[in-house]
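**Student:** Line by line, the protein sequences give chains A and B. The numbering used here puts the first sequence at residues 1 to 469. The numbering used here puts the second sequence at residues 1 to 70.
There could be a bad hint or two in this list.
Okay, the calculated bits of chain A under chain B, using three or more residues with CB under 8 angstroms as the criterion [unchecked claim]: (1) 313-325; (2) 335-348; (3) 358-370.
Below, computed lysine to any residue pairings styled on SDA-like, alpha-carbon distance capped at 25 angstroms [what the hints assert, rightly or not]: (4) A:Lys353 <-> B:Phe7; (5) A:Lys64 <-> A:Ala117; (6) A:Lys353 <-> B:Ala23; (7) A:Lys353 <-> B:Ala48; (8) B:Lys11 <-> A:Gln352; (9) A:Lys353 <-> B:Ala27; (10) A:Lys88 <-> A:Gly240; (11) A:Lys353 <-> B:Asp8.
Examples of chain A residues toward chain B, derived with CB under 10 angstroms [unchecked claim]: (12) Ala39; (13) Pro151; (14) Tyr199; (15) Val304; (16) Ala307; (17) Gln352; (18) Ile415.
FYI, nobody ran anything at the bench for these hints, they're computed from the structure. Only a predicted model underlies this, so the values are computations on that prediction, with no experimental measurement involved. Just so you know, even glycine gets a beta-carbon here, dropped at the ideal spot from N, CA and C.
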Amino acid sequence: MKQAMKLAMNSATDIASAVRAGRISALSVLEDALVRIDAGAALGAFTDLCTERARAAAASIDAKVAAGEDPGPLAGVPVAVKNLYDIKGLTTRAGSRINRSHPPASQDATLVARLEAAGAIIVGALNMGEYAYDFTGENVHDGPSRNPHAPDRMSGGSSGGSGVAAAAGLVAIALGTDTNGSIRVPSALCGCFGLKPTYGRLPRTGTFPFVASLDHVGPMARSVMDLALSYDAMQGADIGDPGCAGRPIAPTSSELARGAGGLRIAVAGGYFARGGEPAAFEAVARAAQALDATKIVEIPDAGVARAAAYIITMAEGAALHLDRLRSAGPDFDPAVRERLIAGAMLPAAWVQKAQKFRRVYAERVSALFADVDVILAPATPCRAPLIGQQSFVLDGVEMPVRPNLGVFTQPISFIGLPVVTAPVFLEKGALPLGVQVIAAPWREDLALRVAQALETLGVATSPVALQPD
Amino acid sequence: MTSPGAFDAEKLIDAMAPLLGLAITDADRPGVRAHLETAARLNGLVEALIIADSVEPAPVFVPEMREVKR
């Protein structure tokens, strides 16, 4: 193994610590990351690189260190973002062919700017499912994001490139978005940690939207501390996103050491204990056992919640894209086009009732958190399917892969609960699965603490998937 | 009071496509139909619930004065 290529495989925490102390330069970390990204090109993680910008930013960090200035908590950490985040000077594709005719972004998305202000080095943009309407990580225009543990298998999506880049050690932190599971599904299938914060916690300003009622933004990384560090750097109100709640900044990285002690942890039963392969539930059971969590809770009407999220997604997504469906229909991925066309035809009353149910369901689930702090549930119903696989059999029922990989994530994001996906490798050589660590609204700290406990206990791990020669 | 009739995706497509200004190709039609049938099945779960008139829908809107970009 080349020494140079080891640098970029380190955690964000270790990289920032070494850069801040002057033990390594940000530029050397960046150059190593670029070598790794090139070596991993066949995985289809990246769609754009901004090498010149990254080198200038790294040089600036090194100059700050040399001058004795504080270069920020993420000093020199290579970061890449799903290609629906604006990066100044790059066209924001949102996984589409159509948006490539748009002019380059005139400024960075708010989260990109905040990470860079914290010392991170933005290296490029990542592959994704078209317009984020995807759970597979496949893209007809750019090719699929490939699972770094088994390149013939799906990365999961729609933040597929983000999952691959983090899990393969191409970058330390990747940003994704999650409307119905698009951070949590690829985190589970690729074997990295992912944080979907509370709806409205992080601003979406400068990201290409999908479903305004449900869109979230968040980080993916190979350790819980890296999630917390990046999440802390991104918190704060932003007037550019009407959905951003403007909550006070609540640092989490300083909370992780408290672990899971004293927290009331339960396992989701009912809906979340059927409709998947046994391994999906075994991963949850292993996490529960390690945490001494024996209580089972039933999340009421989770199946209805999934249905309501499905209806809202179809309708809002279709409304967003209706003009493009008329003017540029053939340029869509056919699988996305068909779903959007169908969504445009749904009765408005269906959508409104789904939105009313959202309020009822949120209140019912909130009541659960009077007795528990954290709920564990599977992230996906199975390990990564083969790229191109159209259907799978769950509980004896054959069903299409594309919409059903998110069957366990949709009922949770529907009401915006914060979730950390913790990756679990049940046995050596087997592909990973994910456990959703779910907390009450605005309690990202609790989800992160429990995920940290699972990492410390060795139950949740995210080994670098792409090893250099 | 009438009950909802059987869901007929083909009729819905034929009625809505011209209204929306969408041309549905023969290649897309089976997929659109399948997605509508899935949506109708899932909507049945939501429709079966009785929700009080007083419950507000829950999309995002907070009325406030905002800075206008010029």
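**Student:** Hint by hint, say whether it matches the structure.
**Tutor:** Here is what the structure says about each hint:
no.	hint	result
1	313-325	holds (count 3)
2	335-348	holds (count 10)
3	358-370	holds (count 4)
4	A:Lys353 <-> B:Phe7	18 angstroms, holds
5	A:Lys64 <-> A:Ala117	13 angstroms, holds
6	A:Lys353 <-> B:Ala23	29 angstroms, violated
7	A:Lys353 <-> B:Ala48	11 angstroms, holds
8	B:Lys11 <-> A:Gln352	23 angstroms, holds
9	A:Lys353 <-> B:Ala27	32 angstroms, violated
10	A:Lys88 <-> A:Gly240	16 angstroms, holds
11	A:Lys353 <-> B:Asp8	21 angstroms, holds
12	Ala39	38 angstroms, violated
13	Pro151	28 angstroms, violated
14	Tyr199	8 angstroms, holds
15	Val304	5 angstroms, holds
16	Ala307	4 angstroms, holds
17	Gln352	6 angstroms, holds
18	Ile415	8 angstroms, holds
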